[in-house]
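Chains as they are written, first to last, in this note's numbering: chain A, 1 to 101; chain B, 1 to 198; chain C, 1 to 578.
Keep in mind the hints are simulated off the structure, nothing from the lab.
Virtual Cβ for every residue (Gly too), placed ideally from N, Cα, C.
Where hints are given, some of them may not hold.
What the hints assert, rightly or not - Short derived list, chain B residues pointing at chain C, Cβ under 7 Å:
no.	residue
1	Asn-16
2	Asn-118
3	Ile-121
4	Asn-128
So you can see what is in the structure, the chains are spelled out below.
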Amino acid sequence: MTDAAHPKVNAISIFLWLAVLTAAEVGVVYLHLSPVVLAALLVGTAVVKALLVASYFMHLKFEGKLILWMVGGTMILATFFLLMLWPDIVGDPWAWVMAEG
Amino acid sequence: MTQSSTYPATPHGVLNTGVNTGKLGMWVFLASEIMFFTALIGSYIVLRLGADSWPVPGDYLAVPVLAVNTFVLITSSVTMVKAVQAFDAGDNDRSARLLLLTALLGCVFLTIKLWDYNHMIHNEFKINTNLLGSIYYFLTGFHGLHVLGGVISLLVIRSGVKSGKLLGGQHFRVEGVGLYWHFVDLIWIVLFAILCLV
Amino acid sequence: MSDHHAPQSLLSRVFSTDHKVIARQYLYLGLVGLLVAGLFALMIRWQLAYPGDAFPILGNLFWGETNGVMPPEFYNMLFTMHGAMMVFFAITPIVIGAFGNFAIPLQLGADDMAFPVVNMLSFWVMFLGAVIMTISFFVPGGAAGGGWTAYPPLSGVANYGVGHGASLWLLGIAFAGTSSLLGAVNYVVTTLNMRCAGMTLMRMPLAVWGLFCTSVLNLLWVPVVAAALFMMFMDRTAGTAFFLAGPGSLFAEGGALAGQSGGQPLLFQHLFWGFGHPEVYILIFPVWGLVGDLLSTFSRKPAFGYKATVLSMITILFLSQIVWGHHMFTSGMSPLLGTAFTFLTITISVPTAIFFLNWLCTIWRGSLRFTPPMLFALGVVFVFGIGGLTGLFLALQALDIWLHDTYFVVGHFHFTLAASVFFGTFAGVYYWFPKMFGKRMNQSLGKWHFYLSFVSLTFVFFMMMYIGATGAHPRRIADPTVYNFLGPFQDANVLIGWGAQFLGVVQLIFVWNFFTSIRSGEPASDNPWEASSLEWVAPTPPPHGNFPVAPTVHRGPHEYNAPETGERGWLTQAEPSA
Chain A
1 MTDAAHPKVN AISIFLWLAV LTAAEVGVVY LHLSPVVLAA LLVGTAVVKA LLVASYFMHL
61 KFEGKLILWM VGGTMILATF FLLMLWPDIV GDPWAWVMAE G
Chain B
1 MTQSSTYPAT PHGVLNTGVN TGKLGMWVFL ASEIMFFTAL IGSYIVLRLG ADSWPVPGDY
61 LAVPVLAVNT FVLITSSVTM VKAVQAFDAG DNDRSARLLL LTALLGCVFL TIKLWDYNHM
121 IHNEFKINTN LLGSIYYFLT GFHGLHVLGG VISLLVIRSG VKSGKLLGGQ HFRVEGVGLY
181 WHFVDLIWIV LFAILCLV
Chain C
1 MSDHHAPQSL LSRVFSTDHK VIARQYLYLG LVGLLVAGLF ALMIRWQLAY PGDAFPILGN
61 LFWGETNGVM PPEFYNMLFT MHGAMMVFFA ITPIVIGAFG NFAIPLQLGA DDMAFPVVNM
121 LSFWVMFLGA VIMTISFFVP GGAAGGGWTA YPPLSGVANY GVGHGASLWL LGIAFAGTSS
181 LLGAVNYVVT TLNMRCAGMT LMRMPLAVWG LFCTSVLNLL WVPVVAAALF MMFMDRTAGT
241 AFFLAGPGSL FAEGGALAGQ SGGQPLLFQH LFWGFGHPEV YILIFPVWGL VGDLLSTFSR
301 KPAFGYKATV LSMITILFLS QIVWGHHMFT SGMSPLLGTA FTFLTITISV PTAIFFLNWL
361 CTIWRGSLRF TPPMLFALGV VFVFGIGGLT GLFLALQALD IWLHDTYFVV GHFHFTLAAS
421 VFFGTFAGVY YWFPKMFGKR MNQSLGKWHF YLSFVSLTFV FFMMMYIGAT GAHPRRIADP
481 TVYNFLGPFQ DANVLIGWGA QFLGVVQLIF VWNFFTSIRS GEPASDNPWE ASSLEWVAPT
541 PPPHGNFPVA PTVHRGPHEY NAPETGERGW LTQAEPSA
């Protein structure tokens, strides 16, 4: 296995990406966009930043199947759990879809 | 007992999976942490979407201060990566310096955080002011406890690295603390965007 | 490598990192928990049999102002603490803590757990939790009385009937959960990475598979309930309102936010049962695995359909995480969710039936040896069968609305989980006692213990299902005689009461047997049961590091009377074929 051999990650370039995205996040708040667009943009950038940290700083990009399955499976479970909370706490998802449509 | 040292029993770290035991343990633990923060952040998401009205976070939170804090934590992740790279290259002194720097950045984060809490409580924004307050203090509080745990782990591992007690075979211990530290960073990235800005 | 295993002082013996010492510590803690929580159950049954009468002994001591009659608030504490302590401080330390710590490294041929220090911490964190739970009885207002489910809003508000005990209760459970989590990290990593040469995943004893599945569920869901418990702790102490509704609700005052948009009580139910349903599988997986091994060993036959059993356990591991809503059918939850949860719940019966039939096929035409562990394993098969079948009724929304919160549910739960784990505990203790302590327990006392327990326990829980299904006898009330419609069932309550007391007295046989055997039992040989898994290859009791020579595994764990085993009819996993 390649345990000992850590791939050389260029930490500075990842840092720059993270810094730019963070600045963009803060900046976009002052644009006074509609709440839905703002939320979508912010969640989108947060996901990109989280993926950068996980893939490069935490080496997930270079890990074997076992760890990828572990993390991926947990993320799927977490998403499922969140979706199952939706109807009771947020409201009937179908009614919401109908109203938006 | 002396017999234990003469027993050629299975050594620790048999690698049935090929993955370092320490690394596997840390990832298993982080999977558990993912579920913990799923429950916290997930509760926030559904409570917020289900609420009749929600205050604008910027009206209560000191967003520029939190943005500075984000930079502090991202920077500490970089020093952490460098520390692990130095340790792998066999440069224990440099690695120990970088670990100390990482821990110090963690302390800076916590100091700013406490100042931020103090400032907001002074402005009558408390944990029982409204649901935003409850969730803000609760979530960032738990994140802060994780940072504190990370700082302590960093200092412990640094003393091992500095004294040269941690060598090749235990290389994963430094990387393990690193994984944990990056995870804490990652959680803050998510909290900052969806709790403090949206 | 093993220097840190060598005990030198009292301190290093108490805070030992040796998995076998930790297993014994867990066992003692769990048996004390079982005793305390069991006494609570006996008191509950006595109160329901003779409500309104002075309570023997305790009545004069505590409740002078009511002429010795137990007040309803105390009854609430009893059933809350019975449930919580049984689950977190009796079953968890025994079947997961003690059996897991003892069996996993030995059965896998490892010298210890992957992280021995974490293992030690795991026990002491649980010990701390048990201390906090004990303290909660002595604070003003007494222990928690909100039921083991602690539903908000009533449990979430500091001044509605329950005092500081409930806050301590939340902390105690959180500590027990942290302990389970630390243990689970160890179990998963040890199982994945510490197996000796030749021990492939499909050669592991079923007990290890059970403990592995348990640990995965612990890892994923304990954090979720921990989050919920902390949130409720904040609701009770810091004035937040995660689980308390906003203005206009009955509970908007009293420390909770006034005039703000509040939280949702139903959120707690989701978070709690998200953990709560996997929790029943967490507790029973180790017993399922152990029973699978015992049935095979004492029938002198290979476990029927080993692979199918493993696969069905893994399937249940997945399914058990997505069915929690069937506990909430009467909560006013979304009908969309209710239907989904009914369907998923019924799906679980498929893998369950597979491994249950595998058990039956394992004993079919075997040469059965009715030792105490085998008797208790057969007991598990019986009570789990009854419990599993009655579970099907509860999975259906329409039936559940009638049966919800009645003694039918209590009976079902106690057959499926409590009785199974109760019998599983004794099966494990009788089975591993020789290896743990180097002595044998008295076999005929063990058999008497089983027969008398089996009869009384089955009677008690059958009667509970009867009064629940026919009379819709609610489970929470302290005094059934105040309701006219329950009048016809009071005789049944008296019978259950006496059956329960009898069951309690019978356990003294075990206590006596356990302690006299530790002191003066006959010395045990290395493999008294002629079993083939690896713990019986190690010396008795196993030294630090377990195996003089690291074993190499040549076959699966249950190859009894297979052709290669020759005249003797069995080989350990470590013996090469003749």
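Results for each hint:
1. Asn-16: For Asn-16/B, the interface hint holds, since the closest Cβ of chain C sits about 5 Å away, which is under 7 Å.
2. Asn-118: For Asn-118/B, the interface hint is violated, since the closest Cβ of chain C sits about 17 Å away, which is over 7 Å.
3. Ile-121: Where the cut-off is 7 Å and the nearest Cβ of chain C is about 12 Å from Ile-121/B, the hint is violated.
4. Asn-128: holds, 3 Å
Violated hints, listed in ascending order, are 2 and 3; each of the other numbered hints is respected by the structure.
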